[in-house]
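Position chain B against the provided structure of chain A, taking the given hints into account.
These protein sequences, in sequence, are chains A and B.
All residue numbers for the first sequence refer to my numbering, where the first residue is 2 and numbers rise by one.
All residue numbers for the second sequence refer to my numbering, where the first residue is 9 and numbers rise by one.
Please keep in mind that the hints were generated in silico from the structure rather than gathered at the bench.
Nothing here was measured: the structure is a model prediction, and the numbers come from that model.
Glycine included, each C-beta is placed from N, C-alpha and C at the ideal position.
Among the hints, erroneous ones may be present.
As the list claims (entries may be wrong) - Restraint-style ranges between C-beta atoms, simulated for each label pair:
no., chain 1, residue 1, chain 2, residue 2, range
1, B, Met82, A, Ala57, 39 to 47 Å
2, A, Ala57, B, Ala111, 26 to 34 Å
3, A, Ala57, B, Ile160, 27 to 35 Å
4, B, Ala155, A, Ala88, 22 to 30 Å
5, B, Gly101, A, Leu6, 27 to 35 Å
6, A, Phe86, B, Pro123, 43 to 51 Å
7, B, Thr134, A, Phe86, 35 to 43 Å
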Amino acid sequence: MSLELFLLLAAALFSVGLFGALTQQSIVMLMMGLELMLGGVIVGAAAVWHYITPAAADGQVLVVLAVTVMAVEMAIGFAVVTALFRAREVDMTDMAAELKE
Amino acid sequence: MLDDVIFWGLALPAVAAGVMVFRFDSMARATYALLTSLLCVGGEVLLLGLDYLGVVIVLMMTIEMAIMAVFMVMYMMNPAGLMPMTMVHNKKGAAAICAAVFAVLVAGILLAPWPSRRGRPPADPTMDLGLSLMGPQMLTMMTLGLALFATIVATVVLATRRGRYDRFGDDLKARTADDAVRGGMGR
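Just chain A, with the same shape it has in the complex (with noise of 0.2 Å):
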């Protein structure tokens, strides 16, 4: 266990979260990604504080910080595709692009 390993974990989780983010037309898939992505940064917040600054809580801070950017993404995610939904019957991005007026 090292820093550089929970590194390259973080790494690999927001990698494959920016591939789903960039690739799926879903919105709710899409906001899957954005969370696959916010994991990581979690994940590297949590290694930095441990393997550098353990006496300071900055680095705890940061992840109180992604996780409750997670929280604010999904709740505006969900009300945005709600109200896309109601108002034009659509879930995925491409179509809510190509009905714009």
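Coordinates of chain B only, in the frame set by chain A:
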């Protein structure tokens, strides 16, 4: 030694489940793959000694994915994966971008001169976090609180079917609300 086993036992499923999220046809399976991945992330945080945050992540992700599964069934075209279909665009370009991002991150991780460990972890990291959030990091905490409150308001505004502009006109000057079904106290 045991820590190494736990690390790999959580890291490999985390990445594998993350990949499977975008390979499953069934949306329900994709949701549970994401849950597996994020639970492993919570496990890694626990392994790093952040007990409170690890448990928060585990609990939050469980509830979040349960909600996500409900939304999946509500909105998605193909919730059960009974009709295999691909809903992706620009797969090659995205794969190239992600490979490049991963390569840059790995190069940075392996080449950067990481500083050595300074200080020791406090006996109770949770206490440390609480004191920090209620002390020097108060601005962060207040910003997060405000952002969460704004999120509550924004989600209600976005998700509501008929807002006050629908009910009281564009300038909100209508004496009575224009509701589909009238009712209540002589309206």
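Violated hints, by number in ascending order, as checked against the structure: Hints that this structure does not satisfy do not exist here, as all of them hold.
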